[in-house]
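S.K.: Protein chains in written order, with our numbering: chain A, 14 to 125; chain B, 11 to 122.
Derived by calculation from the structure, the hints in this document are not laboratory data. For every residue, glycine included, the Cβ atom is placed at its ideal position computed from N, Cα and C. All the pointers check out, no bait thrown in.
When the alpha-carbon atoms are kept at most 27 Å apart in a straight line, the in silico DSS-like pairs for lysine-lysine are as follows:
1. K67/B x K81/B
2. K80/B x K19/B
3. K67/B x K106/A
4. K19/B x K120/A
5. K106/A x K81/B
According to the in silico footprint, chain B covers these stretches of chain A (three or more CB under 8 Å from chain B):
6. 50-64
7. 116-125
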Amino acid sequence: GEDVEQSLFLSVREGDSSVINCTYTDSSSTYLYWYKQEPGAGLQLLTYIFSNMDMKQDQRLTVLLNKKDKHLSLRIADTQTGDSAIYFCAEKKVDSNYQLIWGAGTKLIIKP
Amino acid sequence: DGGITQSPKYLFRKEGQNVTLSCEQNLNHDAMYWYRQDPGQGLRLIYYSQIVNDFQKGDIAEGYSVSREKKESFPLTVTSAQKNPTAFYLCASSIDPVDTQYFGPGTRLTVL
Chain A
14 GEDVEQSLFL SVREGDSSVI NCTYTDSSST YLYWYKQEPG AGLQLLTYIF
64 SNMDMKQDQR LTVLLNKKDK HLSLRIADTQ TGDSAIYFCA EKKVDSNYQL
114 IWGAGTKLII KP
Chain B
11 DGGITQSPKY LFRKEGQNVT LSCEQNLNHD AMYWYRQDPG QGLRLIYYSQ
61 IVNDFQKGDI AEGYSVSREK KESFPLTVTS AQKNPTAFYL CASSIDPVDT
111 QYFGPGTRLT VL
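Same shape as in the complex, but just chain B (with noise of 0.2 Å):
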């Protein structure tokens, strides 16, 4: 069964705490994405990796990391730098940084 896994579906932490968010595809692609989701607004790109080893920041990288050490997993740390974080955060990968993207069910954060 192919795709892109998010995990958890839900998670709290509370404030200080540093926490990963997990993204793993089974797509063979070569790009991964990670975006922020905020109520009323479009999404908005964190980090990308167009290929293993290599990672470019978005347009809000400011208190986020990322590592892309496998093809098939991106996973987000999201640090006790970032002043909001509560949001909802998703995943995507394509074949190519050119081609179509493709999105996984996401990762509802809330700060407490």
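This is chain A alone, in the form it adopts within the complex (with noise of 0.2 Å):
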């Protein structure tokens, strides 16, 4: 199976908050990293957590790491419709020369 596994859909309410969760499945990993890809685009980094860390905040977002559980999650206030895109998780191993490890993306809907 993945090593990095999050839900393919998320639908919210536009001016509700979004959560996007992501589970891995290494402890050695040293940051985790969430990139957001807007139709036919590039990935665009938006923001990562190193993995002695709980919790990240950067204005609407909020990340979450739950290192027992091996478990990120990634909050969006206020939620527009400029969110709407493919949210990715990544993490970064040291035994496997620094490679990220992808998850397959959660596709984030929002209703208006």
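Assemble the dimeric complex from its two separately framed chains, guided by the hints.
M.R.: This is the structure:
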């Protein structure tokens, strides 16, 4: 199975908070990343968290890391139509030459 | 204007032909990467280069080739040996292999 797992879809109402979840398997991971991909475009780095942190906040984005459960989440406050995209979670593993292991991506759908 | 450029944005190829995808960066990054993206899947690493004149195979290198003769350029050739080349190809770079990866806008390759 995949090392990094995400739900494929999330639907939220405009103005609500979105919470995108990700589970990973390797406790030796150093950094965990969230990237955003709009249709037909490349990946845009949103935020990242070092594995010795529990939480990181950056404007509307909050990342929570639960190392015990190997669970990472991205919360987007006050979700807007411009947040509609695919969100990828990725872990950087020390023991695989620092390569990124990617989730399949979660498509965030905004309802008016 | 610093960044990573990929060209062309769309590419069509007949079966049996080789094709080369361009990736250029002016960020003075040492490391560069090529990924393949298929619908509903995470990114898969094709090749990576940690420094000029050096590159390594990723998880799905068969049917692809690369070169890294200049720091700013990392072209990818999709050969006729690649059995299912239709995909979205993403190039990325980072200051060094440990640091955060930044992505270009991608090239969509369609084999007719």
